[in-house]
Amino acid sequence: MLSRFGQVRGERGDIAPAIWYKLRAAELTDGDREFVLVIRQLGYHQDRLEEVTGRRAVVWKTFFKATLDNTDLQAPPREQGRQAARIFRESTGLAKRSTGIGRLLRDSLRSAGVLVIETPLPGSGLGGCCFYVGSPASNGRPCIFANTFHSTWYRRNAVLTHELAHAVFDAQHAGASLDFIGQREDGAEADLAEERAHAFAQEMLVPREVLLHAAQACGIRWSAMTEQDLALMVAKTQVELRTLLRAAVDAGLLEPQAAAEHQGVDIALALKELDDSALSTEEYVRKIGVKAEEWRGKRTTTIPSRKVLLPVPYVQAVLQAVEHRDITPSKAAQMLMIDELDLEKRFGPLFCTPD
Amino acid sequence: MDALSPIPPEVANPAALVCDADALIQFFVAKQFVPLQVLRNRYGVQPIIVPEVELELRWTRRYKSTFVPDLTKALATGLLKVCDVSLIATLGVPATLAATAVQQVQDLGARFALHGGDGESYTHATALTLGLPALSHDRAALDVFTEKGLPVPKTVLRVYDLIVICHRTGVLTTAQCEAFRKALDAANERIFPSVFRRMSYANAVAQFSPRLFDSACAPSPLPVPETPFAHTIVLKAF
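Going line by line, the protein sequences match chains A and B.
If you're matching positions, the first sequence starts at 1 in my numbering and goes up one per residue.
If you're matching positions, the second sequence starts at 1 in my numbering and goes up one per residue.
Simulated from the structure, these hints should not be mistaken for laboratory data.
Straight-line distance between alpha carbons at most 25 angstroms, and here's what the computed BS3-like set of lysine-lysine pairs gives:
(1) K345/A - K307/A
(2) K307/A - K22/A
(3) K31/B - K64/B
(4) K65/A - K96/A
(5) K64/B - K345/A
(6) K298/A - K64/B
(7) K64/B - K307/A
(8) K61/A - K96/A
(9) K31/B - K73/B
(10) K182/B - K345/A
(11) K81/B - K31/B
With the rest of the complex left out, here is chain B:
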């Protein structure tokens, strides 16, 4: 694509965001679920996880089963939903094709899983099959998949894409965003992009290139994606 041509924004809000464990864990660590609530309630984007990610969230060697109460609550309230045939049927896929889509996810996921971990593999396979964005911090995985000639979702968001959109729309204050950053830092979580590791939220955000915008404050033209998975999404609030 010509580097100077403006990128047309995504016109419709995606029905869902497929979340990987490494990124979701950071919301659980900081106990900050507002960005997920905003996605669902303000933009109608349902955060979803694949069963492999649910397993990873239920027990990690590092955090053990710490997240189980919050995860159970999130699943019970519908803040998070596990991707299955019935859920796919609610995401705009005709009911008759839902089973086929699940099979496609399994097939593609198995191809990804030759090279990647189960969570990331089935997350990207689901996002690709259903044409949805993904939320994942595993940049190394995306590089491997791309190098192996595997397709990757057009948009892979990072946790800070969600934090920043909440900040820019006034849902989260700078202090709350800084508290989030500090909570991750204190837990020794890997922070992406690294600019948020090196400096305060207020300073880092000025150097951050978001991939997610609210239509009310989206730049024009949109930034040119640096990688095949860095396309920008503009969300319209209900």
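Just chain A, with the same shape it has in the complex:
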């Protein structure tokens, strides 16, 4: 296509963008490929939206640079990940808290200028991905994505921080980083980038001091943890049980065998009692009532071949931009990936066009 315009000539290696190589991966289905493109499109729209509304932040560049400059890239990958996470926590101010950062993570990244997208991709094997919107050399921005389909909020905290590591270390050169559900993040099968990203996510979310603080605050003894204790620790640290247990083993607080036994414990019910973040969408909608009902059927895209459920804050930001006359209704439709007719049907009163 590019050569058609006479801009570039040559072989595939000369004209194919970096992401093309990623999209050739055998584990990707056609659906996955389409989803990746839709997510990239969404990242692009979100970037444009923030630009026109004057909310485009670039602090991430400072954070990323500080992290890269102070990480020993000759160290083993896990050590690199841990070092980088500690620096990142320090630079963003997240290290000031000795409790879990799951609830602060998204806002903290967004205010630094990282695009964070979470949406369900039914039937897709894609767990998360990371890419740059635009060229990093010019004015590009990192965008991280987590698939919310059949995934808990606690799990997604780990996915997002894992993708953040790829954004810091890999995505600028790789075009994109794609992670699949069930993919090994550590051990023999993992490559350097995955192992580093895995260690980064764990250290970002549950460093030793957070584990110790949470256990102390809950009056928990590591050697005798009950189902309720495990649920309490997950709620406090805001990470999934698997990551929590792995971190406890790495920190020398738990024996690997005990961790393996705890891994099989079902804490779902106990956790729902403790934390709203453990509720499924339907349960949450039932709990908060009519407010969530307002959004039913208003977030689904209709233009791309793969329908995507857009995040509520994104839809709200687009509508607000129309109200503030930052963008036209056509632009809003484009950003919401729907037809103008759908836009009018869904949000009619906003779009009473004058004569």
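Go by the hints and put chain B onto chain A.
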């Protein structure tokens, strides 16, 4: 501008009219292409579209690819032309400057496209760069562009400007204009100005302030433009 001073009419017919998809679609929906033919054949004003609008006309979620046969025919017969370097060179822009003009359209269009849809953005960018009027129904877009300090074309016509000039010059009968109105209504198209939605063509036209006149029946003085994009154009028939 002083509200009482008469507005000098445009003396020369513009070489072209840059059409946006939302307005053009209404001619396709009603299968009424006479106004476009009149513009081209009687006044020498070539209706043109930007490539982004061509794409929008080729597939819409609402009408799917319904317009493709008529669009293909219109492009083949020259009733509509897609704006490119060679076309710009025929619109009075010196051939040596045509490529520069295209670049300007791209640059300005990209600025518009931050706030607006692709079709409307490049339509207005083309009209502004080439000093041509535009045909568009997106009043909301014009308001946003104006509010953001972006320039807008002096004259942005509506579909009914073309219908009314055809009616006043006797090319279309009142019945044909009413049939056009009803066709849009039946298709649930957005009708601008809304007066044509609320009443019959015969009654609505009396309340309509056209922005396009034939020199034989232009009022004097011309109406004062209510907005920066409502300047009147007087066309002289060949």
